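With chain E's structure known, arrange chain U on it following the hints.
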Amino acid sequence: MIGHIVRKELLVNLQSMRFLVGLVVSALMMGIVGYVLVEDYATRMQKYIADVAEHRAALAETKVYSMVAVDVDIPPSPLSVFSRGSQNLPTTLHVSPFHVPSLIDEGGASASIGLNGTSSHADNPLLRMFSSIDLGFVISTILSLFAVLLVFDSFSGEREQGTLKLLLTSSAGRVHLLAGKYVGALVTLAIPLTVGFLEVMILWALHPSLSFDAQVWAGVGLVYCASLLFLSSFLAMALFLSLYATESSSCLMYLLLAWVTVSVVIPAGGGYVAEYFRPKGLREIMLSEAKQASAHLSNELERLNYRQKGGWNNAWTDWFGAESILGLTQQEANNRLAYNQKVVPMKLQYAEDRYRVVESYAQGLLSWSRTREDLIRPSLCVDYGNVVQALAGTDLNTFDDLVQKSRLYRDAMMAYLRPKSETSLWFTRIFEYPDMEPTEKNQQYWQSLIEKEGQRAVEKIMSWDRVSSLDLTSMPPPSVNMRGVTERALHALPDGILLFAASVVFIGLSMIRVRHYPLN
Amino acid sequence: MIQAIDLTKRYEDGLLALDHLNISILPGQIYCLLGANGAGKTTTINLFFNFIEPTSGTALLNGKDCTKEPLLAKQFAAYVSENVMLYGNFTARQNLDFFTKLSGRKNLSKDEYYMVMRQVGLPERAFEQRVKTFSKGMRQKLGIAIAILKQAPALLLDEPTSGLDPKAGAEFVELLLKLRGEGKAILMSTHDVFRAKEIADVVGIMKEGVLIMEKTKDDLKYEDLEKLYLKYMEVS
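Those protein sequences? They're chains E and U, same order as listed.
Taking our numbering, the leading residue of the first sequence gets 1, the next gets one more, and so forth.
Taking our numbering, the leading residue of the second sequence gets 1, the next gets one more, and so forth.
Just so you know, the hints here were simulated from the structure itself, not pulled from any lab data.
Bear in mind that the values here come from a model prediction, so they are computed numbers and not experimental data.
Where hints are given, some of them may not hold.
What the hints assert, rightly or not - Only pairs whose alpha carbons sit at most 30 Å apart, straight line, appear in this in silico DSS-like list of lysine-lysine: (1) E:K165 with U:K136; (2) U:K197 with E:K165; (3) U:K68 with U:K136; (4) E:K165 with U:K68; (5) U:K64 with E:K165; (6) E:K63 with E:K47; (7) U:K167 with E:K165; (8) U:K101 with U:K178; (9) U:K132 with E:K165; (10) E:K420 with E:K460; (11) U:K178 with E:K165; (12) E:K165 with U:K101; (13) U:K207 with E:K165; (14) U:K68 with U:K207; (15) U:K231 with U:K217; (16) U:K110 with E:K165.
Claimed, not checked - Partner residues are not named here, just some residues of chain E that face chain U (Cβ under 8 Å, in silico): (17) H4; (18) R159; (19) K165; (20) L168; (21) S170; (22) S171; (23) G173; (24) T261; (25) V264.
Glycine is no exception: its CB is placed at the ideal position from the N, C-alpha and C atoms.
Only chain E is shown next, with the shape it has when bound in the complex:
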């Protein structure tokens, strides 16, 4: 019974001009957006590969242990063509003894909060989460509008053209009719959706520099299922609302209003409302606490007479962190070693303190961001966006997960590096190169060399370029992996359940409403 109605609906829809127009528009949009984003992904992938090589080379060049720093590069998600999500967030996480990565630690190599407690970066990268045009956006706007145009006159149209009564004189009940129309419209909508996905897959397959594994295809399959679920919930809502008007023109107006509300008003309006709940003064507190922490360390370093005890010949030091020094005597190195026994733990502690200050600020913003998400969650488009973001791994949660993993990696790295801070290899390698040591004999030789060949000749001897790189093979390798498809699917589940629940609720309500739908 329902099968016949589904078949009829499908035939009616396929023969209609609105289907043809909808198919062409969605195929064009998905093809263009898909092409642009596949190219964008390929570019980002190339940059990622180059960054990985560059950062690996930089690490391999490290000369002293205090300078060890790992840049964890985040690979772009191939599914970002469906949801660009938080792709504006950093693509690299900087991990070093003096830098603990945190959620809003955007900078990579430089700390997000400077010595004077000011930040040179945007105060809230979480706000960069505004949606940009991607395939998820096309599906949630174009195909949802298509859904509206398909079902707005499902019942009113039959009533107006006089076929509704004839339909209901058969053995089909109103609920059968509703179910048939719902499934028929869903199958119709699945056609442009499938065409769009096929376009993207063909673009991927034809791209010379892209190849994908089973995980990616599984992800694509899940995004496809999520898209169908979204369209089914949107159809159910549209069908339900269409049962509140007996004239097609009124139905269309109601449904366009609902579409604008769900796809534009709630997502945008919720964001504006959320501004009122934005925690005030968090940033000021963070900056003030960061300033206090840096001032404290600064005072302590001054008190310990840092400059006098270290030796500064041919040295590079970061006031709060790494140091690499050439041109010290054994005595100076010993002094510095003794001094570092006090200072390095203080610097490491400062890194931890600074991380806590930043993280507290980040968590405050994250909490507010979740409030904002909850405010706009009544929109099916938002729920769908969340599902696709989670599946694509471009959501803030996935980024937070990577930050946490990079922090865990830093713990492993520190277990390896901490004992090294008690050796002179922490800051110098001079004792492996006797001709660099400022002994009396060497100094006389350098003086004669300056007279003969100039200052540059000595600088050549005292060069870091001559120093071999550290052997870091026994240091734990970076193990910050993206979530697998199963884990991503689990994170997408709550919003997926919301979409499913919306479908069930709207269908249930439609079944009640259709029993009272007037035929005259």
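Only chain U this time, still in chain E's reference frame:
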């Protein structure tokens, strides 16, 4: 086969559209309901198909209560409206196929559809033609074909000859008589007094929701139905 027992319908706005209607139509009988616009004829048919629910009373099709068991009751009746509307982008055969399958009949061949369309007098060229090009008469004939293919023992026709040209009207009457011969119970609402007298076994006249007269063919043998109709219509 078709029975109304104290069937009453009062709409939400208070209008009493049908007031304790009692009729009974046996297999092989044609019952014509006459009456002016708003007399309650269409309301009666709507109640049999559960398009609306009765305020009180019972509508029965083959003994099945049309309100309590609508899906079961509807299996015993086919419907032809005043203005049969079908899916314009479908051909006549596609429409026939869809509605026949919806009525539970499957696996009918193309020839069987053609045969019924011939039976109702549709021209051969129209069989695979889109219905949006059809005249009203052709659509009415296709409506009858749908009703025939349902093979229901009862037929409820709501002013089916309204707007048909004389030839089409005559063909239609011929078809109804044939269906009566096959044992169908037929309830037809109409304004056409002459046609009612021609084919009806029983004629009922309705006014403001009340069945004010019911006469059999034998009763009408020596009476002028038109005069009777006008007389009842004039009585306030």
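Taking the hints in turn, this is what the structure says about them:
1. E:K165 with U:K136: holds (17 Å)
2. U:K197 with E:K165: Given that 30 Å is the threshold and the Cα spacing comes to 29 Å, the pair holds.
3. U:K68 with U:K136: This hinted pair is violated, its Cα atoms lying about 35 Å apart.
4. E:K165 with U:K68: holds (19 Å)
5. U:K64 with E:K165: holds (20 Å)
6. E:K63 with E:K47: Distance ~26 Å between E:K63 and E:K47 Cα, so the pair holds.
7. U:K167 with E:K165: The hint holds at about 27 Å.
8. U:K101 with U:K178: With a Cα-Cα distance of about 24 Å, the restraint between U:K101 and U:K178 holds, given a limit of 30 Å.
9. U:K132 with E:K165: holds (18 Å)
10. E:K420 with E:K460: holds (28 Å)
11. U:K178 with E:K165: Between U:K178 and E:K165 the Cα gap is close to 25 Å, so the pair holds against 30 Å.
12. E:K165 with U:K101: It holds: about 16 Å lies between the C-alpha atoms, which stays within 30 Å.
13. U:K207 with E:K165: holds (25 Å)
14. U:K68 with U:K207: Status holds; Cα separation ~28 Å.
15. U:K231 with U:K217: This hinted pair holds, its Cα atoms lying about 18 Å apart.
16. U:K110 with E:K165: Between U:K110 and E:K165 the Cα gap is close to 26 Å, so the pair holds against 30 Å.
17. H4: holds (5 Å)
18. R159: violated (10 Å)
19. K165: Holds. Min distance 6 Å.
20. L168: OK, holds: E:L168 within 8 Å of chain U, min 7 Å.
21. S170: holds (4 Å)
22. S171: holds (5 Å)
23. G173: holds (5 Å)
24. T261: Since chain U brings no Cβ nearer than about 31 Å to E:T261, farther than 8 Å, the hint is violated.
25. V264: For E:V264, the interface hint is violated, since the closest Cβ of chain U sits about 34 Å away, which is over 8 Å.
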